[in-house]
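Reconstruct the complex from the two isolated chains, following the hints.
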Amino acid sequence: MSSKSNIKDKPQKPEDIFDPNNNSAIIIKDLVKQFEDVTAVNGLNLEIKKGELFGLLGPNGAGKTTTINVLCGLLKPTKGTAIVGGYDVRKNLKKVKELIGVCPQEPAVFKFLNARENIELFGNLHAMPKKKIKERTDKLLELLDLTEASKRKTKGYSGGMRRKLNMIIALISDPEIAFLDEPTVGMDPRVRRSTWEFIGSLKNQNKTVILTTHYIEEAEALSDRVGIIDYGELIALGSPKELMEKYESKNLEEVFMKITGRRIVEGI
Amino acid sequence: MNLQRIMALVKMELKKLIREPAYLFLMLLFPAVLTLAFGIAFGDPALGMDFSVLTPGLISYACIFIIMTVAMSFTEQREQGLLKRINVTPMTSGEFIGSHMISNMFIAILQVVIVLVMALFFGFRPLSDVVGFILAFLIIALFSLCSVGLGLITATIAKSAGAATGISFIFILPQMFFGTFIPITDTTRIIAMFLPSYYVVDALASIFGGAPLTSENLLIDFGVISIVSVAIIIIGIQLFKKYGNK
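So the sequence lines, in the order shown, correspond to chains A and B.
If you count the first sequence from 1, position 259 lands on 258 in numbering that gives the first Met the number 0, and the numbers rise without skipping.
If you count the second sequence from 1, position 74 lands on 73 in numbering that gives the first Met the number 0, and the numbers rise without skipping.
Next comes chain B alone, as it looks inside the complex (with noise of 0.2 Å):
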């Protein structure tokens, strides 16, 4: 593993983030429009929902976003020949998703920031201490790696950069709907219960509830989004590598 040849990916990765519209949107603009937007309609008790329950939603909810962009990238990258020039540098492959995965961590903890700076003018008022926070942060980045892991899946099957964003949604619109800021059924959470999402609010919503750090159902939480992140990771690197670099 060589620092400078991932730092420099990274680097670039993170002026990308800044550079082009539909990055910066999908990744900061849209978690802030949405924060706000809930806010705005939800903000008020008197409506009947309490914004501390929508907040770990939208933020895992902003973390799905990944997806898209991650396979946007990806697909980008292949059409324009990049992904071979990079490919026929020194750079290892280990380096090459290394870079990506710690873009994206870096992009979902402040996502993460965003959304709670905000909704602490709605409302929110997280019970947790330091040490919940950090674990809060820990469970949203690897979080992350789950999005890269399914974002490297969909570049895979996807033939183009516009393919990609539709293709994404297979894996996105399940999460938002069972597994985000959507209250769930007794019905519905049989089907969110497969889904990563479902396991990163409760534990997320248990935090800034106040639960105790070591409770079991947390523990369960961390286990099954780190388990799922490790494995979904390591199937898309698997998938890209052979299927999707050509």
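Chain A extracted, bound-state conformation (with noise of 0.2 Å):
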């Protein structure tokens, strides 16, 4: 859990929180988001170091992806604090911005754009110079298998297609930290398996990955720790490994299932 002395009104530079006495990457702190009379996060309170691969599981509408919008400045908190890279969402989120790579859950690419295009403008959006965008560009495209597709307009790929474009827009700046949103929702296994080797690979280049999930599977095999999170509040925390032993459970499933009575797979 996050100490009070970690969260700073004003480091406002990266280096103040990824220093090696403070290696949070992303602090929260009794983070609560209302939406007229629903409470979609109930005094969240989390800390992720860098370049920690940590996994938000949990079923639709546990507030998962309300969580992820706070922290990336598209919703404002009802209350509390959520520090990103050192910086606060409510007062330097053109900073936050900086550091950050967004995959969201529904592919939002331009249909009108081929795939390259459609990179290069978010690279450029990052105001990338032009040289970086191609290099990088390339690599993803490669590293996620659509440099064939990269030349036709997206109007015409598959959903599995769609979902790696998705992504690669989402990590084209490089980001310190990246959120993903169900990455793989809608994949097929097989291209599911890749998405994951990629996704464990961002692990290796010291990034901070956020995954919200609610596979089983991708969360046992990626995440670094999990928060378990159920009605906006954080219900579990540790590394999978911790918690099937704490609550003597094969799978995260069934510690979902020991904690709340029910399987986080009724609420898809």
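If you're looking for bench data, these hints aren't it; they were derived computationally from the structure.
Virtual Cβ for every residue (Gly too), placed ideally from N, Cα, C.
Heads up, a few of these hints could be off.
Stated by the list, open to error - For lysine-lysine, the following DSS-like pairs were computed, each having C-alpha atoms within a straight-line distance of at most 30 Å:
1. A:K75 to B:K240
2. B:K83 to A:K48
3. B:K10 to A:K110
4. A:K130 to B:K14
5. B:K158 to A:K138
6. B:K10 to A:K138
7. B:K14 to A:K131
8. A:K131 to A:K49
9. A:K131 to A:K48
10. A:K94 to A:K49
11. A:K49 to A:K93
12. A:K93 to A:K130
13. A:K150 to B:K14
14. A:K245 to A:K49
15. A:K78 to B:K241
16. B:K10 to A:K94
17. A:K110 to B:K83
18. A:K90 to B:K14
19. B:K240 to A:K110
20. A:K48 to A:K110
21. B:K158 to A:K152
22. A:K110 to B:K241
23. A:K154 to B:K158
24. A:K131 to B:K10
25. B:K14 to A:K154
26. A:K138 to B:K240
Unchecked claim - Reference listing, derived: stretches of chain A covered by chain B, where coverage requires no fewer than 3 residues with Cβ under 8 Å from a Cβ of chain B:
27. 71 to 77
28. 192 to 202
29. 206 to 217
In structure tokens:
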């Protein structure tokens, strides 16, 4: 859990938080997000370390996407604090946006552009040097096996191809912190496996990845630590192994069931 | 303001204009077809219609349709999650709206060129000099801002791209009937004076008719267009930022 000393109003430089004494990429303190009479996130406290692949697991409607949307500035918190890369999302959102890459749950791509044009557009929106945009585009297209289709308009892409492109756009700026919101939903098992490998490789580059998923297998395979969230509250936190040991369970689905008496997939 | 970001979105908007048939038709083919149709129907002076009188109206009528394309574009991007996606990049809202203003000004100027060139074939003979033409382009560029602003207001109200098309006619029809190429009577003039297109047509008619560029009438038209366009774009931006970008 976060300590008060980790939350600074004016660290205002990434190095202030990414230093050896403060290894947190994200600090969430007493976060509440209400939509009229619905409380989507209810007093969430969480600290995610730099270079960690953190899985946010929970059924649909648990508050995972709302949490991500608060962290990337799309939603204003009702109460509480969210610090991303050392910057308070309420006070220094512009700096937060320079550090993050967001892969939304539903693929958001311009259909009249081809994959390369889509990626380059977002590279330009991050004001990256042209040479770096080209290099990163080539590399990411290759890694996700989209090079051949990259000059075709995305209108004709399959769902899986669009999801891959969705992720490449999120990562074009080589972000320090990547939010991947249900990145593999709707992918066939083969493509999902290769995407897992790709997501896993981000960890080797010391990137912080926040992965929301309702796939138990995905959370278990990829995450260093998992936060299980239900009705907007964090109900369990730890590495998949720790949680399974603590709750004497075979998998995280069972962990969730032992805590809540329900299955994660019931909410899907 | 980062020019790289602005130009990237301008380039994207212009690619959309070329690649999306609906936008291509509304923005470039429609003014051409309209001028052609009016040219064939009223190009003969023996019919009693002077094509020189119609041309300023046709130019502003084409520009009014920017309301619809801007509203469609913003609602489509909102529906497809693209506005949110752009929102999580470092692009500021000023850069985002600025890119739309630039791309639509460019389109409006293209429309003027299309209508003017085609009108020449049907006997339109403007009496203005180069400075007059520059002023005409400037007036249309300003008027395009007004259309972008009305498009943003439409996109704020509309829940979908389909609804945006329908709602945009609230702003298009009055300007079409009371301020462009349809002759104005003393009664309709009272309504027309509340519409920006009336001043655009009046100013263009003065310029192409060879009136001095410092004439009081032209200066009043220019002043009204400038103030109204700036006011409407500011209202549009504020409304869309507050209620439309959700």
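Evaluated hints:
1. A:K75 to B:K240: holds, 14 Å
2. B:K83 to A:K48: Since the Cα atoms of K83 (chain B) and K48 (chain A) sit roughly 26 Å apart, the hinted pair holds (cutoff 30 Å).
3. B:K10 to A:K110: It holds: about 15 Å lies between the C-alpha atoms, which stays within 30 Å.
4. A:K130 to B:K14: holds, 22 Å
5. B:K158 to A:K138: Violated, at about 39 Å.
6. B:K10 to A:K138: holds, 24 Å
7. B:K14 to A:K131: holds, 23 Å
8. A:K131 to A:K49: At roughly 24 Å apart (the allowed maximum being 30 Å), K49 (chain A) and K131 (chain A) satisfy the hint.
9. A:K131 to A:K48: holds, 27 Å
10. A:K94 to A:K49: Given pair K94 (chain A), K49 (chain A) holds - Cα atoms ~17 Å apart, limit 30 Å.
11. A:K49 to A:K93: Distance of about 20 Å is within 30 Å: holds.
12. A:K93 to A:K130: holds, 24 Å
13. A:K150 to B:K14: The given pair, whose Cα atoms are some 14 Å apart, holds under the 30 Å limit.
14. A:K245 to A:K49: holds, 25 Å
15. A:K78 to B:K241: Holds, at about 20 Å.
16. B:K10 to A:K94: holds, 26 Å
17. A:K110 to B:K83: OK: K110 (chain A) and K83 (chain B) at ~16 Å, within 30 Å.
18. A:K90 to B:K14: violated, 36 Å
19. B:K240 to A:K110: holds, 24 Å
20. A:K48 to A:K110: violated, 36 Å
21. B:K158 to A:K152: holds, 27 Å
22. A:K110 to B:K241: Satisfied, since the Cα-Cα distance of roughly 27 Å is no more than 30 Å.
23. A:K154 to B:K158: The given pair, whose Cα atoms are some 23 Å apart, holds under the 30 Å limit.
24. A:K131 to B:K10: Since the Cα atoms of K131 (chain A) and K10 (chain B) sit roughly 19 Å apart, the hinted pair holds (cutoff 30 Å).
25. B:K14 to A:K154: holds, 14 Å
26. A:K138 to B:K240: violated, 36 Å
27. 71 to 77: holds (count 3)
28. 192 to 202: The restraint on the segment 192 to 202 of chain A is violated, since only 0 of its residues have a Cβ under 8 Å from chain B and three are required.
29. 206 to 217: violated (count 0)
Checked against the numbered hints above, the structure breaks hints 5, 18, 20, 26, 28, 29 and satisfies the rest.
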